[in-house]
Amino acid sequence: MLERLFRRRVYWLFLAPALIVYTVFMVYPLLSSFGYSFFQWDGYIREGFSGLTNYAKVLFERPYSDRLVGALKHNVMFFTLTFAIQTTFGLFLAVMLNRGGKFLRACQVAYFAPYTLSLVVVGFLWLLLLNPTWGQVNKILAAIGLGRFARPWLGDMATALPTIILVNAWRWLGFPITVYLAGLHGIPEELHEAARVDGATSWQAFRNVTLPLLAPTIGMVSILTFIYDFNAFELIFVMQGSSGSPFYATDVLGTFFYRTAFGDSTTGGEVGQVGLGSAIAVLMFLLVCAASIVGVWLIRRREVEM
Amino acid sequence: MSAANASRARRLGTRALYVALGLYGAAVSYPLFLMVVTAFKTTREIFFAPFALPSRWNLANFATVWQRANFPVYMKNSLVVTGTSVVVIGFVASLAAYALARYRFRWNGALYIYFLAGLMVPIRLGVLPLFLLMRDLGLLDTHASLILTYVASGMPMSVFILTGFFRALPQELEFAARIDGCTEFQVFYRVMLPLVRPALATVMLINFVPLWNDFFFPLIFLRSDSLKTIPLGMTVFFGQYETNWGVVFAGMLLASLPLLALYLLMSQQFIKGLTAGAVKG
Chain G
177 MLERLFRRRV
187 YWLFLAPALI
197 VYTVFMVYPL
207 LSSFGYSFFQ
217 WDGYIREGFS
227 GLTNYAKVLF
237 ERPYSDRLVG
247 ALKHNVMFFT
257 LTFAIQTTFG
267 LFLAVMLNRG
277 GKFLRACQVA
287 YFAPYTLSLV
297 VVGFLWLLLL
307 NPTWGQVNKI
317 LAAIGLGRFA
327 RPWLGDMATA
337 LPTIILVNAW
347 RWLGFPITVY
357 LAGLHGIPEE
367 LHEAARVDGA
377 TSWQAFRNVT
387 LPLLAPTIGM
397 VSILTFIYDF
407 NAFELIFVMQ
417 GSSGSPFYAT
427 DVLGTFFYRT
437 AFGDSTTGGE
447 VGQVGLGSAI
457 AVLMFLLVCA
467 ASIVGVWLIR
477 RREVEM
Chain C
36 MSAANASRAR
46 RLGTRALYVA
56 LGLYGAAVSY
66 PLFLMVVTAF
76 KTTREIFFAP
86 FALPSRWNLA
96 NFATVWQRAN
106 FPVYMKNSLV
116 VTGTSVVVIG
126 FVASLAAYAL
136 ARYRFRWNGA
146 LYIYFLAGLM
156 VPIRLGVLPL
166 FLLMRDLGLL
176 DTHASLILTY
186 VASGMPMSVF
196 ILTGFFRALP
206 QELEFAARID
216 GCTEFQVFYR
226 VMLPLVRPAL
236 ATVMLINFVP
246 LWNDFFFPLI
256 FLRSDSLKTI
266 PLGMTVFFGQ
276 YETNWGVVFA
286 GMLLASLPLL
296 ALYLLMSQQF
306 IKGLTAGAVK
316 G
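Top to bottom, those sequences are chains G and C.
Add 176 to a position in the first sequence, counting from 1, and you land on the number used in this note's numbering.
Add 35 to a position in the second sequence, counting from 1, and you land on the number used in this note's numbering.
With the rest of the complex left out, here is chain C (with noise of 0.2 Å):
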């Protein structure tokens, strides 16, 4: 064989492969493709062209779960717990992960170790105990009871993540905040805490995620209906229009757009962020 046919043969060869990974590709989005141009369909659509493109791409779907199902009240909630509990995190963890990093005093690798010994350790096998604790506390039903669970499943990946980095800092910035007469605090939160921002946002993103989407949790601590997120408010949709499947598939997409959206703008953010913790780890 020719060196010229050689190269042909694995020029075509390397096409075979991207139309391969490309296929696959389709597959995996596939099944989000038909939530999207499902929740456009009417019942009788669904039923007799499962695969068609609405012959109407019309919102009535969307109206009724925005208007009949407690909806907007669920995405409320999660946006409200979600949000408080990321907001909370960052802080409280960066403000941890600053003394780890940045003050030499006795306990320091005692406490660094005990932070990182939850890693490998999901928080909802200590859920009975957790659920008797809110119980005394008067927590349960409310949207407290899940924020401090979050918060504190939280803690051990960020303080992991921003310890490291706010170790890489140079020294002279804190010696000369000090010295233009910043107190303890100002040296962290006006200096310091500006240079760590993109790992900020990086802790943030990695709790947002599985946070938004939790329904262990919610499960356990709510009962109201008034007060519960989208995951366990979409277990109460589904009941209610178990048979109306037009309206199931626009309440899952509505479900899944922020978070969605948010990918497609940012993926290679979205992606680098997440797996973070892993790679590092």
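Excised from the complex, chain G in its bound form (with noise of 0.2 Å):
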């Protein structure tokens, strides 16, 4: 009897280990920083219950309302320009790369290689090649007679977001051509030829079958990719410091937050801030998630038009 009963719950000793170690380690955590961010602390000790003081304090109060508001924007940049170039650059080497063969097979696996770099790797790496009296990147300008363009690229206000965010799109593309590469095997080839047959030009074709079908893919990615912009930090961390140096140009929420949540060892150990982090990680929660269901729901409706 016992045994019967036993063998017929059995499943739940298969789930057992998977839901303990997925709830106690990732679900609690994500959902306690909502309950942290509404208490005050002292350190890591909590103290009393404070309603929305955090979030006030974050969103209004100087300096952490300027720090927001400019970390907010970098992403917001960091998103915009790495979808920019995605989806035109990147959709483009991919449509491309669909007529297959070994050289754009081999081409592909180049332009995937940098993907599977530690982001500390890519930045010691772009740091030293973006040095300002002895790195490569100002050689190479100057060795093709732009060298009056040369300057310390990390270290000017105006340049030192954009080439962060290069450098991350230089290890990132690989993974969106990979993807839309995917997406365009699963579409039909008889599509394309009946579109030929009608007479249609390439970009016609391109325009009119292609781009509507691999919508959901790059939709998708996108989601992706904002998920990933909006949590950027190891990047900025190694390259620029916790402050997103040069004065906050490359400061970021991850940056911001890790420095509100741990203290900020740049400047001189200032204590971590329990309270103030957790509402940050619960603003950046919310952001992610909204953006992600818009996305989906955008997705979806797109296919129910099709």
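Hint data in this document are derived by calculation from the structure and do not stem from the laboratory.
You may find that some hints are simply not true.
Claimed, not checked - To give an idea of the interface, some chain G residues facing chain C are shown, with a C-beta separation under 8 Å as derived from the structure:
1. Tyr212
2. Phe279
3. Tyr287
4. Phe288
5. Phe300
6. Gln312
7. Lys315
8. Glu369
9. Tyr424
10. Phe461
11. Val464
Glycine included, every Cβ here is placed at the ideal spot set by N, Cα and C.
Make the complex out of the two chains shown on their own, each in a separate frame, by following the hints.
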């Protein structure tokens, strides 16, 4: 009798390890962030309930509000530029690679390779290549007669963030290209055939056949890119420090959160502020969730229309 | 314009396109090439002939990395942490996915959604509570804190992919195994699990790459130098040898070599595996 019951409910034993680890070490911490953000903290010790005080402080009190707005702007720029690069240039490369063949496959391997590198290695590598005095980037510019454009790319307020975004794109671009390519493989050849028979130019065929059918894939990649870019941290931490030098020009939500939550060694060991940190984490959480939901909704709606 | 001319123009266009695509590939690979070449150079050569091949392919930089820095320790730590995490993820996620795919019970659909919900939320947004939880469990500054975090964060994607594969298996196999007197666990372990081995390999690869490269959680959880994994160790190492570029490049090359070599050996599986989740999602 007991054995039969055990045998019938045996799936709980299969589920238990995953369920426990996932709940305790992922779901619980994510949900607790909400709770933490409503309390006052002294270091890592929880004190009284404080309602929305932490949010008010982060959103409206200086210098936090300035940092939050600045970081948010940089994240938006990070995503916008990355998105623009991958949906134009990246998509173009994917469509070209879709012709197949050994040579193009080798190209794809080259495009994807940087994606296997750790962001820490990518950061250090480009830190050295972009070094204002000895780095190869400025030397290459000088060698091809563009020496007057040479500058301390990472030290200049105007160029620091775009440079970081491009370094990130160097590592990242292989991923969207490859996903687009997989999506393109899923489009039946007959459709292109039919478009050609109807006398469509290759641009028309792309615009009216390929693009609509690839839209869900592009949408999915864009959502992933959004989540990834709004959690950017490593590259900036490694290349520009935890306060996003020069003078917060590359500060993003990830570094702002890290500084607030765990203290900032760059400005002399300020202690971490759990309440404020959690409030920032919750705001990031809501932002990412909202964007994902809107993104998925847009993809679904398009699918229904077609 | 005659037909022959048009087709010649098109062929020329195609050739130009291939050259452009190849050049872009070369440009993307060039920083990697510089990393490899520079690792063999002396500091003098790096500064005075930054683009030349090394005059002598000397291994002195690698020797310095391996002997003077804590590099072998970082490497071992990365292997232990990533290896353990990936194996545990594979096993635990397979068990759960099997239950979700092959048993009908009331909570099935809800639990599947529960696991999937984690797909869209990065675990690092919960790092503060996680940090305090690890402190309370006495796990700060241990490898266990990393492994537990990694296993938890690996569940959504792994359960998602494996459930799909377990669902596709025919029922007859399961029935036959039960009739032969297998226990439920034996049905899973001996019959069904071997059939999803390709998916399991994909899952382990998907998890291996980001975990091997992870910097964030070691940064938060670890203090002792002897416990650090490669990405975090790299920052220690970079601080020590900042002026000795040859050594730094050698360190970066050694840190990237395991994944890079694996990638070049089996690039197609790699590319397919790493993008599997995104395509299906």
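Right, here's what the structure says about each hint:
1. Tyr212: 6 Å, holds
2. Phe279: Since chain C brings a Cβ to about 6 Å from phenylalanine 279 of chain G, closer than 8 Å, the hint holds.
3. Tyr287: 6 Å, holds
4. Phe288: 6 Å, holds
5. Phe300: 6 Å, holds
6. Gln312: 5 Å, holds
7. Lys315: 6 Å, holds
8. Glu369: Glutamate 369 of chain G check fails; min Cβ-Cβ to chain C is 18 Å, beyond 8 Å.
9. Tyr424: Hint on tyrosine 424 of chain G: violated, closest Cβ of chain C at ~20 Å, above 8 Å.
10. Phe461: This interface hint holds because 5 Å falls under the 8 Å limit.
11. Val464: 7 Å, holds
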